[in-house]
Amino acid sequence: MSDVEEAVDQEFAADRSKENVVLRVEDLQKTFGGLVATDHATFDVERGTITGLIGPNGAGKSTIFNLISGFYQPDGGRVEVNGVDVTGMEPYEVADHGLIRTFQTPRKLEGMTVREAMLVGPRNQPGESFVNLLTSPGSVGEAEKRNLADAQRILEEFEIDHLATQPATDISGGQMKLVELARAMLAEPEILLLDEPVAGVNPTLRNKLADQIQRLNDEGTTCLLIEHDMDFVMKLADPVVVLDQGSVLMEGPPQRVQTDSRVIEAYLGGDA
Amino acid sequence: MVLLDHIASGLIFSSIIILGSIGLSLVYSIADFANFAHGDTMTVGAYSSFVTFGAIGGLGGAVLGLPLGFFVALLAGIAVAALVAVITEKVVYEGMDLDSIGMLITSIGIAFIYRAVVQMWFGADAVRYDIQALRPIEWLLPYDVRVTEHDVAIVISAAVLVTGLHVLLQYSDLGRKMRAMADNPDLARVSGIRTDRIKLWTWVIGAGLAGSGGVFLGLFNLLRPRMGFDLLLLIFAAVILGGIGSVYGAMLGAFLIGMIHELTPLLSQLGAVLPYLPDTFGLPIGNQYGSAIAFVIMVIVLLFRPQGIAGEAV
Amino acid sequence: MSAVTRARAHWADLTRAERGVTWFVVGFAALLLFGLLSGALAPTYFLYLVGIAGMYALLSFGLNSQWGFTGLINFSVAAFFGVGAYGTALMTAEGSPLAGGFNPLIGLVVALVLAAVLALLIGIPTLRLRADYLAIASLGLAEVVRTIVKNEGQWTNGTAGIRGIPSFFEGWPVLATFPESMPGLEIVVSPGWRTTFTVPVVDVGLEFVIPSSTLLLGTSFWRALLNVALVLAFVGLSYALLRRVHRSPWGRVLRTIRSDEDLARALGKHTYSFKMQSFVLGSLLMALAGVFYAHLNLFVSPGDLDPITTFYVWVAVILGGSGSNRGALFGGVVIVSIREGTRFLNEFAWIPVDVAPLRFLMIGVLIVLLMRFRPQGVLPPQRELIWPTAVDKAPSRPDSGVRDVKAGGGDE
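Protein chains in written order, with our numbering: chain V, 88 to 359; chain R, 13 to 326; chain L, 26 to 437.
Since the hints were made in silico from the structure, they are not lab data.
The beta-carbon is built from N, C-alpha and C at its ideal position, and this holds for glycine as well.
Only true hints are included.
Computed beta-carbon distance windows for the label pairs:
#1 V/Asp325 - R/Lys102: 54 to 64 Å
#2 R/Lys102 - L/Ser63: 44 to 54 Å
#3 R/Asp44 - L/Ala65: 43 to 53 Å
#4 L/Val142 - R/Pro290: 31 to 41 Å
#5 L/Gly45 - V/Asp305: 49 to 59 Å
Construct all of the structure, not just a fragment, from the sequences and the given hints.
In structure tokens, the structure reads:
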């Protein structure tokens, strides 16, 4: 890296010295009708971490998620997944590069049982091609069988296998969050973006979700996590990236973030 | 010149479409669904004024060749259209727990019911107001413009109604709340606006304007049970062209669609209008394609600028 | 397990709605049978009705694979139906202003290709956008198609329509001459044939008397029979195809799009492509219905593209249960009963109103009532849809009705 670039890098609030970067967000910008939602945001996510993304209301966390996952087109800047530039790609293309996201309020899949809803997860199923259904039903059936077994196994790991044949519309919001997480795992993500995974979930299930995310991480899944529940973030995430007014305020381990005066000010000032 | 005549009739037709498109746009953004019964609301307005006019007669006096009784009938058409819309909202839409697509489908059912009732009452054949047809205004004839005083009355009345709406939207408390709700219904609700009341007023204003548009359409053409449904697509085209959710965009869109619709016959006589072309030159597109061309333009706009010409990119 | 106990177990497994529909179908069939035997319903006309019912079933299948599977609001059913009918008519009819005289199989292929092209033309600009844009654009483009068919007489004969369309089996070995080569049959239903039976519960004896009548089964009967065989083949094949794709991973992506398109995109599904596939598939089925109609009616005109057909089919699909293939089948049959039933009303002079608006009213009221009280339809899909060979023991039905929720696409 040249001296000039290094000098530029020092201006960034985020830690740019990571070795093994799965997700690189560089100078991302987005405005909505004159309203700046994302203001030159830059940060990296290192493989194997659970990186937290926090910030006061309106700091632009969800916008960044939508920009990264391809749901919004950025006005400027770059997004890289696994070293591949995915800026401006469609969500399905971004997903194909290994980035899977969840939603704050997932809609329930009408008319499906939980395990059917799970089966939407695996990517590139042979049975998703119309032609294959007619020409090679055998391979479709085999893949389906495999996926069903995988789904069952993951549901067991999440300890919700008793829900498998329940209608997806009948389970509680917290259970739905678990199912969403489980389904995302079926897509075998390199990096998982979790948008408020425990919002509106009762404390028992909240702990369970925390355990599951920790377990997935131990097994090698990298996570980027937005969450309002500070205890939850601080317990799970390291490092934590703090957003304020659309740009990165600072990044650091949870203890340092909690005591940082700029962060405290942003949170207090943001609501005032 | 033949061009002027087409522009004049474009202006008249645009006036009618503007009246229809405002209501559709308001309901689209405030009640949050594409109301397929909007065209038939125009039909309801037209036939209501037809009945009223038949009952009260001319009442003596005349403005622009239209007896005073016609203007009373116009008010009746507006009132009935608004009333029918409010009743429909109260009886049907309000109790429904459906998303915007479900509401859209329901509104198709409503459209059929309106049309069926009108057709049962008045038959499928066209009827007309019992008003003496006028000769074109004399002093415009040398310019090849064939416009009657009735046509002028349509344009002026539409201008008055649109100005009234503009004042209402910009300067009244109700208008401010309507705009706030169109922008962001959730925000409007949490900031203490009584959204159900605003919604009801939206129906009154939107359907009332549609009713007036229906009356003028009946005066411009004839009254037929299908008149509103046939116009509905042009009105949708206008609203999409202008950008869904923007009332002023809808007006602009309606103006353009009305013009395009009435200028279509020129395509077959381009040579007569444009210089440097042989007089007999023309595209083989007759005036029956007026609506078709408007739809195609709408689809092209959707393709390149889905937010409409006045809408903002998202 | 004997057949009886198996049937009983099957019956116990049905939902209330399914039982209701079964009773309705049985009753309706009995009524038709009675009509046939008593001579009130001519056999040839009966077969014509079956043909029309099959045609509506195909149209409903088509819409179901767009709206029911994926949540696409297509208001141009009539246009695709018309393109199918005109496509084959222009290729095969003697009176065709274009090609004419080709084998109906070629007509079939041309019609399907035309429909696919039209589907792409409508789909490309609209399928990326909000769901309601497709509704508006498709209704508009259907009118464009109708205007063209009506006005471009040099290609379509305009309002005069196209006459002299051959039957579908023209030029086929054996089948082409089948109706003529079959002997005319005369069936006399024996006079005074009567039957008595007692209704066990209420203990009332009923007596049916079927008056003497003679059924003449001539060439037209055999021709109608052949048409029914054709439509049953179309319907059967389409049903088998839809059943297979509906319970596949492909169908599952479509159902996900219907509930939550963003979720499908986030999971790496190319939703635009899936929507397009579903749209084209449905359009082809609608065109197939049009092809059958052209060779049944032997005459097509711009009136066949009237938008009312679109809304008939919508009612059929919503009534049957969006997303349910057998529901679409059921809805199609009910719609034909309404359409043909109201036709008889014309014969009663004492009914003061015209039938046309009465149909509008029925359609309108039916739509509103369904959306208000049973938006999921009469026969919503109930069973889990997983590729059949992948599950050893799928629960025949989930613990409670999966679809017993509101219909309609995803929330906006």
